[in-house]
Amino acid sequence: MRRRRAAGVLRHAVLVAWVLVVLFPVFWMVLTSFKDAGDWVSWPARWAPFVDFEPTLLNYRQIFYIGGTTQSGELRREAAEQAYVIWKGVADSVVIVTIASVASLLLGSALAYAISRFRTGGRNYPYTILTIRMLPPIVVAIPMLIYYTTIPELFESLLGVRVEFFDTYYGLVLLYIVTTLPYVIWMMLAFIDEVPRELEDAARLMGAGRLATLRKVVFPLVASGMMVTLLFVFILNWSEFLLALTLSQPKVLTLPVLLNKFQSAVEGRLYGPQAAIGTVVTIPVVIFGFLIQKHLVKGFSFGMIRR
Amino acid sequence: MPFLLTIYISLLRWRLTLGFWTAAPWGGFTNFADALTDEGFLYAVLRTFVFAACAVAFELLIGFGLALLTYRESRGRRFYLTVFLIPMMIIPVVVGYDFSMLLVDTGPLNSVLSVLTGQDVRIRWMSDYRAAQVAVVIADIWQWTPLTFLIFVSGLSALPPEPIKAARVMGATRWQVFRHVQLPLLKPVIVIAVVIRAMEALKIFDMPMLLTQGGPGNATETLSIFLWRNAWGFNKISYAAAASLLVLALFSGVIFLSIWLLKRERAQLEEVRA
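Line by line, the protein sequences give chains A and B.
For the first sequence, our numbering gives the first residue as 34, with consecutive numbering after it.
For the second sequence, our numbering gives the first residue as 4, with consecutive numbering after it.
Next comes chain A alone, as it looks inside the complex (with noise of 0.2 Å):
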């Protein structure tokens, strides 16, 4: 009895052990989110608000221009600029990551199903889809950038019209179509197979058509499970940076390309706007992840366990 208690308090230490790494990164972004310039990097490092530092909105008012920075008109017109743009990354981002996931996730979920019902494409059909998400996207970039250069100008000398592909919505929205794709057949195959052949037949058998069947009968059953694969994909693309860094720029900005550069652009590195604007775009994500946590233990089996 004894030692199960002993081995009890060890396991919470353990565990309490890993919350502290897991959240020490976080709480320390929040916490010099509200530090002043000084305080950013000053050693001993600051701990504690209002004793080791005095917390500040200031970066907060920055980035999102907060009835501006300053009295001056020159630095407050700047700060109005740059709220600019990163409100403009948020909702280039929102966007182009809605769009992109709601499609693969409609395209991938039919493909699913054709793959589960008819096994369409044969049975290697999946594996081979699943290859496309292991080549490194830089592999797929240097194609895709070429292709991206080309296919207006055979646009042009063939139809006379300009299609441009590259730094435009649909050029993005298209590609992560495609790099997504694979993961929602996967997903979604695990949830199709799941629901019983039986239940498609009986309601067959009493007189409803095939797309009365998918509506009334397969889409209920899998909707929690597209609901999972959904917000996956969207995590996926939302934080998505090396296709956005070398396909749209400069005119279609997402939000991790625009912070990026937002850490480049200026000299030196602004700690506190970056933990700032860190803090606000992390926090819908992590919404997000509470609201599915328990729909993603099992979304994340890839159809390999089964109860």
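It cannot be assumed that every hint is accurate.
[Said to hold, decoys possible] Which stretches of chain B does chain A cover? Using the computed rule of at least three CB atoms under 8 Å from a CB of chain A, they are:
#1 67-80
#2 200-213
[Stated by the list, open to error] In silico negatives: residues of chain B with every beta carbon more than 10 Å from chain A:
#3 43
#4 127
#5 132
#6 169
#7 174
#8 181
#9 184
#10 197
[What the hints assert, rightly or not] Facing chain A, a subset of chain B residues (Cβ under 10 Å, in silico):
#11 51
#12 88
#13 92
#14 96
#15 101
#16 102
#17 111
#18 149
#19 227
#20 229
#21 234
#22 235
#23 243
#24 248
#25 261
In case anyone wonders, no lab produced these hints; they're calculated from the structure.
Treat the numbers as computed from the prediction; the structure is a model and nothing was measured.
We treat Cβ as the ideally placed atom computed from N, Cα and C, and that holds for glycine.
For this one, chain A is given, so just place chain B on it according to the hints.
Using the frame of chain A, we list chain B on its own:
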């Protein structure tokens, strides 16, 4: 089709500064020869594999350990699960920011180390050759251990309870149950975790790019960064295309291996279920 074009481009000597690629001079196989004799490229390959191996090994061990401690229903389980998954949800760029704050030589990591060791630790995490490599691996472990943890938790909690109970009834100790019943049943899950993480780790780009831009020198220049630098930094698109085709060839090996593993495990699973 994109790949055919890439192959063609890789045979040219095209730079973005030359305008459209039809204007580029013919280069034959020189790009491939250059890449194969380029020390920078070969070291980048080696470095990428070493990075991936270190990071994935730690992620698997820590993830598995944590999963073992939390997969059963117990007090605080929900809390631990939720907290452990946080790093995965944070944008890599933000993680990059975050770690660059933690790793400045007057940063909190060094002060924690100072307190723990009783000495004044001042590791220059981002400008020292070795330390930068360690830093990238640490950041990767922090961000991606949640994924292996998640895969293992879902695997462990989906194990059928009967064989475990049977073994317990027959007087097996906890360790024996783990070693001879749970571990073999878990093999497919472990394979998935390895494959998925290795796949992603070999592509490593964000973390070294954000923390050190591949530096100091080329300490953290992984394959992705090498290619990126050549294509967009030096504008040598043809050269990057050739090198990326070589990478493609190299990765096909890895991909075939992992698919073969996945298939084998899946077939076994289906056999067990049937």
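Right, here's what the structure says about each hint:
Requiring three or more residues with a Cβ within less than 8 Å of a Cβ of chain A, the coverage given for the segment 67-80 of chain B holds, as 5 such residues are present. A count of 7 residues in the segment 200-213 of chain B with a Cβ less than 8 Å from any Cβ of chain A is obtained; the coverage claim is therefore met, three being the minimum. Annotated as non-interface, residue 43 of chain B keeps its C-beta farther than 10 Å from every C-beta of chain A; the closest such distance is 15 Å. Against the 10 Å criterion, residue 127 of chain B stays outside the reach of chain A, whose nearest CB is about 13 Å from its own CB.
No Cβ of chain A comes within 10 Å of the Cβ of residue 132 of chain B; the nearest lies about 21 Å off, and the non-interface call holds. Every C-beta of chain A lies more than 10 Å from that of residue 169 of chain B, the closest at about 18 Å, which supports listing it as non-interface. Here residue 174 of chain B stays apart from chain A, with its beta-carbon at least about 18 Å from theirs, past the 10 Å limit. For residue 181 of chain B, the shortest C-beta to C-beta distance to chain A comes to about 14 Å, beyond the 10 Å cut-off, and the non-interface label holds.
With a closest Cβ-Cβ approach of about 16 Å to chain A, residue 184 of chain B is found to remain outside the 10 Å limit, as its non-interface label requires. With a least beta-carbon separation of about 12 Å from chain A, residue 197 of chain B lies farther than 10 Å from that chain, consistent with its non-interface assignment. Annotation: residue 51 of chain B was flagged as interfacial toward chain A, and the flag holds, the nearest CB pair being 9 Å apart, inside 10 Å. Given hint, residue 88 of chain B at the interface with chain A, holds; its Cβ is 6 Å from that chain's nearest Cβ, closer than 10 Å.
The closest approach between the C-beta of residue 92 of chain B and any C-beta of chain A is roughly 4 Å, which is under the 10 Å cut-off, so the hint is satisfied. With 10 Å as the threshold, the beta carbon of residue 96 of chain B comes within range of chain A, its nearest partner Cβ sitting at about 4 Å, so the hint holds. For residue 101 of chain B, the suggested interface contact is upheld, since its CB lies about 5 Å from the closest CB of chain A, less than 10 Å. Because the smallest distance between the Cβ of residue 102 of chain B and any Cβ of chain A comes to about 7 Å, under 10 Å, the interface hint for this residue holds.
Of the supplied interface hints, the one on residue 111 of chain B holds, with its beta-carbon coming within about 5 Å of a beta-carbon of chain A, less than 10 Å. The interface hint given for residue 149 of chain B holds, since its Cβ lies 8 Å from the closest Cβ of chain A, which is under the 10 Å cut-off. The interface hint given for residue 227 of chain B is met, as the beta carbon of that residue sits about 4 Å from the closest beta carbon of chain A, less than 10 Å. A cut of 10 Å between beta carbons decides the hint on residue 229 of chain B: the least distance to chain A is about 9 Å, and the hint holds.
Interface hint at residue 234 of chain B: satisfied, since its Cβ lies 6 Å from the closest Cβ of chain A, which is below the 10 Å cut-off. Annotation: residue 235 of chain B was flagged as interfacial toward chain A, and the flag holds, the nearest CB pair being 6 Å apart, inside 10 Å. Restraint check, residue 243 of chain B versus chain A: the minimum CB separation of about 6 Å is within 10 Å; hint holds. A cut of 10 Å between beta carbons decides the hint on residue 248 of chain B: the least distance to chain A is about 8 Å, and the hint holds.
A cut of 10 Å between beta carbons decides the hint on residue 261 of chain B: the least distance to chain A is about 7 Å, and the hint holds.
Checked against the numbered hints given earlier, the structure satisfies every one of them.
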